[in-house]
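J.: Chains as they are written, first to last, in the working numbering: chain A, 1 to 131; chain B, 132 to 262.
Hints should not be assumed to be uniformly reliable.
Each computed DSS-like pair below joins lysine-lysine, with the alpha-carbon atoms no more than 25 Å apart [what the hints assert, rightly or not]: (1) B:Lys230 <-> A:Lys5; (2) A:Lys85 <-> A:Lys129; (3) B:Lys245 <-> B:Lys257; (4) A:Lys121 <-> B:Lys216; (5) A:Lys5 <-> B:Lys136.
Computed, partial: chain B to chain A, Cβ under 8 Å [to be verified]: (6) Leu156; (7) Gly218; (8) Lys230; (9) Ile231.
Simulated from the structure, these hints should not be mistaken for lab results. No residue lacks a Cβ here, since even glycine has one placed at the ideal position from N, Cα and C.
Spelled out from the first residue to the last, the chains are:
Number of protein chains: 2
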Amino acid sequence: MDVTKKERDCIVVIHENSSGFPLRLSDIAILMKIKPSTAYELLNRLLSKNIITKEKGMIMLTSYGNHVYSEIITAHRTMEILLTKSGVNSDIACSQMEKIDYLMDESSIEKILKQIGNPAKCPHGKPVKPA
Amino acid sequence: MDVTKKERDCIVVIHENSSGFPLRLSDIAILMKIKPSTAYELLNRLLSKNIITKEKGMIMLTSYGNHVYSEIITAHRTMEILLTKSGVNSDIACSQMEKIDYLMDESSIEKILKQIGNPAKCPHGKPVKPA
DNA sequence: CCATATATTAGTATTATACTAAAATATTTA
DNA sequence: TAAATATTTTAGTATAATACTAATATATGG
């Protein structure tokens, strides 16, 4: 399933802020710096793509949503490693990859990952394959 | 200047089909498989971004447009090389890069290019730095 | 000059994004 | 519990990119 840039950002925000307790719409609006009504529309698109669930206002990624997140983040971190290995500053590599990670093919990413020796972590120390 | 995906495709189509004589709107519409009125809108956006000129119906890239083309194609071919070096099939690498080449930072591309030894040609034998 | 080709304009539609303002629901607290 | 506050949802509007049909204008060729 394809996601847009904002949907991608929202998936990442949900995943990276759900450690303690799940987020509500208003939390997501704040984290994404958008108005609640804009968040509502965005979350509705993610709901209809079966990427999130909403239960009593608590928003969580579905298992499919978690899979989409993993694909995005693996692409992001794999390419970050590749770019930093080429001498690109890790923060620049990160902002560069934010723009395109969600557009990359999983199969290409897997091949690159193997070629660079299946590193466990990205330049920021985060796992290439999130749990 | 940022371009959209369709603008990117149009720039590439114009460059890669202007060897003999310049293209007209109707040629571009056919090459891009869109209706003339859609091509008209697209070309108007490129005109207002100073990427093309239209003289007596003949459409050409401006020098700035040529610069934008070069950046896109250098990113495309540099990353194609990187992907094929990792074992990605060259046609898959090409279609993968078509989606994202226009979104990549020139500075990151230059670093990668240097790191892989400034190859002159992409896997299809085309120059990484077009004339 | 006429016929055909090409380009332009007008109008409509869709998707993604984003806003304000109002209304409906929840939740909290006095 | 009722009132106050917070949150969510709905409605309406807007913009940009994309794309279409249909009509009109403008070239071009014979």
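J.: Hint by hint, say whether it matches the structure.
T.: These are the hints, each one checked on the structure:
1. B:Lys230 <-> A:Lys5: Status holds; Cα separation ~13 Å.
2. A:Lys85 <-> A:Lys129: Holds, at roughly 19 Å.
3. B:Lys245 <-> B:Lys257: holds (18 Å)
4. A:Lys121 <-> B:Lys216: holds (21 Å)
5. A:Lys5 <-> B:Lys136: Holds: A:Lys5 and B:Lys136 sit about 13 Å apart, inside 25 Å.
6. Leu156: Violated, because the Cβ-Cβ distance from B:Leu156 to chain A comes to roughly 29 Å (cut-off 8 Å).
7. Gly218: holds (5 Å)
8. Lys230: This hint holds: B:Lys230 lies near chain A, its Cβ roughly 5 Å from the closest one there, short of 8 Å.
9. Ile231: holds (4 Å)
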